[in-house]
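Just so you know, the protein sequences line up as chains E and H, in that order.
Using numbering that gives the first Met the number 0, you'd call the opening residue of the first sequence number 0 and step up by one each time.
Using numbering that gives the first Met the number 0, you'd call the opening residue of the second sequence number 0 and step up by one each time.
If you're looking for bench data, these hints aren't it; they were derived computationally from the structure.
Model, not experiment: these values are computed from the prediction.
Careful, some of the hints might be misleading.
Said to hold, decoys possible - Partner residues are not named here, just some residues of chain H that face chain E (Cβ under 10 Å, in silico):
#1 K28
#2 E112
#3 E118
#4 L123
We treat Cβ as the ideally placed atom computed from N, Cα and C, and that holds for glycine.
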Amino acid sequence: MTRQELNDDELLRDFLNTGMTEKAPEGFTTKTMTRIRIESGLARERFPSGKKIPLISVVIMALLTAAAILVPAGETAGFGSSLLDKAKEPLSAIPSISDFPLPAISLPEWIPYAVAGILIFGVFDFALSRIFHRE
Amino acid sequence: MGTKSDRYYIEQVLGGSMNAFSHLVDIHKDKAFNLAFRICGNREEAEEIAQDSFMKAYRSLKDFRMKSSFATWLYRIVYNTAVSLVRSRKKNILSLEEFPADAVDFMSMGKNEEESVLEYRNSLVNFALQNIPEEDRGLITLFYYEELDAVEISRITGISRNNIKVRLFRARQKMAGIIRKAEMKNIYSNDQAGIK
Numbered sequence: 000m001t002r003q004e005l006n007d008d009e010l011l012r013d014f015l016n017t018g019m020t021e022k023a024p025e026g027f028t029t030k031t032m033t034r035i036r037i038e039s040g041l042a043r044e045r046f047p048s049g050k051k052i053p054l055i056s057v058v059i060m061a062l063l064t065a066a067a068i069l070v071p072a073g074e075t076a077g078f079g080s081s082l083l084d085k086a087k088e089p090l091s092a093i094p095s096i097s098d099f100p101l102p103a104i105s106l107p108e109w110i111p112y113a114v115a116g117i118l119i120f121g122v123f124d125f126a127l128s129r130i131f132h133r134e
Numbered sequence: 000m001g002t003k004s005d006r007y008y009i010e011q012v013l014g015g016s017m018n019a020f021s022h023l024v025d026i027h028k029d030k031a032f033n034l035a036f037r038i039c040g041n042r043e044e045a046e047e048i049a050q051d052s053f054m055k056a057y058r059s060l061k062d063f064r065m066k067s068s069f070a071t072w073l074y075r076i077v078y079n080t081a082v083s084l085v086r087s088r089k090k091n092i093l094s095l096e097e098f099p100a101d102a103v104d105f106m107s108m109g110k111n112e113e114e115s116v117l118e119y120r121n122s123l124v125n126f127a128l129q130n131i132p133e134e135d136r137g138l139i140t141l142f143y144y145e146e147l148d149a150v151e152i153s154r155i156t157g158i159s160r161n162n163i164k165v166r167l168f169r170a171r172q173k174m175a176g177i178i179r180k181a182e183m184k185n186i187y188s189n190d191q192a193g194i195k
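Same shape as in the complex, but just chain H (with noise of 0.2 Å):
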């Protein structure tokens, strides 16, 4: 079963079969999900994209022309979801001071310190991710945690691949400021409290 491509399960579904549909849903479930949440930034509203995203994605196979994977095809559906989603709803800048944690606040929640640090910087990352443009936030997610070059992006976001590397250098810069910013005020409230 496992073993099955997704043009199987395509033309499966395009057969007649509905229940074929759910092992596509299944297989690609945590990428579109993980997308949809990079991007708006909360699992309430990514879920919905994802479902949203699957829901357009099962109405338009018969469209889906297979010169692309579907995964990619799937992407690019549940990126265009997400961002004009973001787009309407009001914006909302984050300030550093509005990140409350640090890795000592999540070692109180039961969880060894590996876990901890892991959902520290978890929480700091999708904090520097809600401070940079919603376009920008699926493409970091798309190079970095899918590991997809810029052609391929290029294909998702319909932006070109010039474009794309500009953006990503603005992103990363901004991001990675961010980051190095709540690092020193990790290490400097930490110092105060006394915590090696």
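With the rest of the complex left out, here is chain E (with noise of 0.2 Å):
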């Protein structure tokens, strides 16, 4: 260090004591944990509403495919089947795979169930999340 440099140095440190720190203002360490503790909490309450969404989902797939499995076939009658033969009426509209010329398929039964369950659930996944997911 030059002379000037050692001077400047000396100066410095007779002004900048440790004595004179700036201290934290009162009731920081309560100010400060309040805050972590409304952010954690926060952040917490918005983890399992996120989990709610695929859970109903799946609990209400879980009973659907439960009573399919249970009800024996032809039983469903009253209410469920007349929604049912309303839903084929546009489908009746629609001409039959057998008149386009397309190699014959044979697609196991299930198959139009389930894609109808996937976008009925699409839909439904879709609308629980536009709920919680409201601020």
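These two chains come separately, so use the hints to put the complex back together.
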């Protein structure tokens, strides 16, 4: 260090003494911990609501799957069957696949139901996520 | 309670005790606040910076590998938070004419002479700090107030050791110049007012 540098250093050491460090304001720890608690609480709350959506879907899907397996074919009378008939009406207006010159593909019976189920639950998931993520 | 190390409290926090973090805040709050204050220059912002830094530290505690001390790690967060905040706001270069006070002004605040001189010197240091780049304010604080060496300062700021020495040299020169000028102005105005 040159003489000038030493003088500058000495001057700063004289002025910047460690006794004059600025102290945090009173209640700083309490305020900081309150902020941490609030923000961690909010983060925790956000997490389960995000998990509810797939959970509800899975429960409903499981119930419907169980019903489909347990209820014997042909016993879906009343409201359910009429609803199914209504659903079939627009489908009957669509030309049959056999009308098209496509090679005959034999799909398992459950495929259309699975596709319809995926579509319905996709819409259902979307609606639920909109409800739960509303601020 | 006071003899327990940072590591003990960190392990408690990682084990699920949020309250243990309050001990870490209590131990390090003054140093964090002082660094933030010297960089940003006002108490309200410094409190905000220090609180934000503790929040960030709490959130990232699981990623803290304990390769450095908790204080070094926390200083790094405070330094980066404060420097980013100061960079984001409009540059405000102060002239010496804007330093309004001398030791006599502080004596009128009902303090004794020794306290008044300390207050005056502290405000002059803050004034000089606000006239150097924000990164250098951090270097000066860590070097003179916390008495850390260039290696430790390099760990905190991410600036190379050689660069720290160069920056400290420039910052020291500028601050000393400002302090000398203010002192001269002080002596001159006191002479004119007939104060000895």
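Cross-check of the supplied hints:
no.: 1; hint: K28; in the structure: 4 Å, holds
no.: 2; hint: E112; in the structure: 16 Å, violated
no.: 3; hint: E118; in the structure: 9 Å, holds
no.: 4; hint: L123; in the structure: 7 Å, holds
Going through the hint list in order, the structure does not satisfy hint 2, though it satisfies all others.
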